[in-house]
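The residues making up each chain are set out below.
2 protein chains.
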Amino acid sequence: MKTPFNKPYLSGRETFYIEDAVKRGKISGNGVYTQKCQKFFEDKYGFSKCLLTTSCTAALEMAAILVEIEPGDEVIMPSYTFVSTANAFILRGAKIVFADSRSDHPNIDENSLESLITARTKAIVVVHYAGVACHMEPIMALAKQHDLFVIEDAAQAIDSYYTFADGTKKALGSIGHLAAFSFHETKNIISGEGGMLAVNDEQFAKRAEIIWEKGTNRSSFFRGEVDKYGWIDIGSSFLPSEIVAAFLWAQLENLEDIQRKRRAIWEAYHQQLASWALANGIKLPQIPNYATNNGHMFYLICKSLEQRTAVINHLKAHGILAVFHYLSLHKSLFYNERHDGRSLVNSDHFTDVLVRLPLYYELAVEEVIRVLREFKKP
Amino acid sequence: MKTPFNKPYLSGRETFYIEDAVKRGKISGNGVYTQKCQKFFEDKYGFSKCLLTTSCTAALEMAAILVEIEPGDEVIMPSYTFVSTANAFILRGAKIVFADSRSDHPNIDENSLESLITARTKAIVVVHYAGVACHMEPIMALAKQHDLFVIEDAAQAIDSYYTFADGTKKALGSIGHLAAFSFHETKNIISGEGGMLAVNDEQFAKRAEIIWEKGTNRSSFFRGEVDKYGWIDIGSSFLPSEIVAAFLWAQLENLEDIQRKRRAIWEAYHQQLASWALANGIKLPQIPNYATNNGHMFYLICKSLEQRTAVINHLKAHGILAVFHYLSLHKSLFYNERHDGRSLVNSDHFTDVLVRLPLYYELAVEEVIRVLREFKKP
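Line order of the protein sequences matches chains D and V.
Residue numbering for the first sequence follows the UniProt record's numbering, beginning at 1 and increasing consecutively.
Residue numbering for the second sequence follows the UniProt record's numbering, beginning at 1 and increasing consecutively.
Read the hints as simulated data drawn from the structure, not as lab findings.
Treat each hint with caution, since some may be false.
Stated by the list, open to error - Facing chain D, according to a computed beta carbon distance under 10 Å, are these residues of chain V, among others:
id	residue
1	C56
2	F82
3	V83
4	G93
5	S191
6	K206
7	A317
8	K331
9	L333
10	E337
11	D340
The beta-carbon is built from N, C-alpha and C at its ideal position, and this holds for glycine as well.
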């Protein structure tokens, strides 16, 4: 394909920092670059504690351990999401209760949540689709009322915000008790594979560090708080290599530039496709008043599966790769029989009609727009 | 410290391959370098299928999922090992039955295993300490007799072998049903953090790939075996970034050189410390007839905890960092109360008296030997 769907962006300093990490004699996890990245995120977005992880999946698994999911506990989350949102909790024995998306956005329908809460519900996982905030204020209020944890799957949501009714603006990932970010190569800020857990509720801070370090108090040991470290809890090796953190650091240095560029591409799509979309019965993404746009993703909501297929094929014929996204998890081979049978029409709708357009730093967006405008059927 | 315990080795081509991976437009998992590394290991060591992972811990977790550990299942493993050997199985609900080490080596005592097997035993995990083979032939026979899985924790055991009674020589990690390797910076071949699952029993090959890819049949999809991929099983994101795999590939290109160098350092320690050790009642590592030496680790077995402390302090006073190793897991804060109370004297002995000497590519080994020979008390 002449125009791929995604192309990883290199700031130019990545390998310099990797070589520096090697020269410092430490390329295993939790080195200088890991700590620099974590501090950057804490300072910029107001997360009380950040821990880099090998993936967003790993960060979600840490969250599932931290909220002490036990077999039979119920976790509410959207069906229109990536498998890891669910797997992380299933690995701890949770029953997943899938919620529908809003009719106007793939984000979870906040109004559908209350009826899904039972005595076994332990947590709500929200996914900020395309980096656009779920309606967090009513969700946090509902969670508080029912004593539930809220975990933000902020995989796509770096550098995006939510505004509360009183005007307070908070970064996505800083609102729930815990949040998970992704630095997968398809994200705004990348390290190939990679992720981060943001801990906002202080009660989880100390244990998060232990679980991250294979269930040991190694971090306390390095701070001189204990004189030898040992096995004190369950855990895994959630730390990424310093090679990964050094790469990520070079990206963070260029965050503003990357974000400016991605938002400009998004705006170009949005403005220049408006009349074409209207003429074809295609909807463009909307940003609610309480949300911001982080330029993560630009998608079209086609009027039918057939139209979406035609759009994808039209672009492909011109060397441009556009791709659909999630398949409703409640209908998957793995979960179909476990699902309670409720119909989730909006999730199924986005499964069929949503298509994502290329969006990356070096994209020649005008070319994609020009080709798309030639699409007139069916 | 003038002489650290470990220093990561850079072949010089690591960042070249990382840049190449970025230029190819793919730095997420399972790209060209991941596949090159996996093929290298399969071809060189006869593993039927290899999958790179984010850590050896992750590979052990994959093994625990693959053998379908369920709550209450028992897994036998040495107490003298890293926490991840146990955690990976505990996360799936296993009860760990800790075995003692041999009196002459930290490896699991093969003669102690039969008495630990119950109707709930599902697997035996062996750890090839210092890259030296456990006595695999009787262990495999016992496992076959009781229908148990054998998982090799080969974290330290790359490029090492076991010879069967009939003269057949097999690479460590190719003998059990599954095996886990580490590429942590302290290992022979490194990527900072990193690991690999080796699948030897064909029954696990297909599912291993699914679990590796978040429980999806994505790998089948990319091979064109299915027309779209979906959620079909539990799983996690066990794939490392291509950045990590590209780094590892540069190391593999230099495997022979690295191994020659490490074995030479080991031999220098072994030969030149022999009479000094004898005079001080210190034992040097021995390689059984059925095993090989991969130059991973050189350790001293002191005659007492006091002597070990004195050796460590003597070296430290000369700017050389030597470090003890595991603390018996059955006595850890986490597991002490869960342990069945059996005394594991050899494991506790190695906890107290084993000390590891620096061993890395650029080490000036003669200097460490010279300083050690000055040690004469207590």
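- Query: Are there hints from earlier that the structure breaks, and if so, what are their numbers?
  - Reply: Violated hints: 6, 7, 10, 11; rest satisfied.
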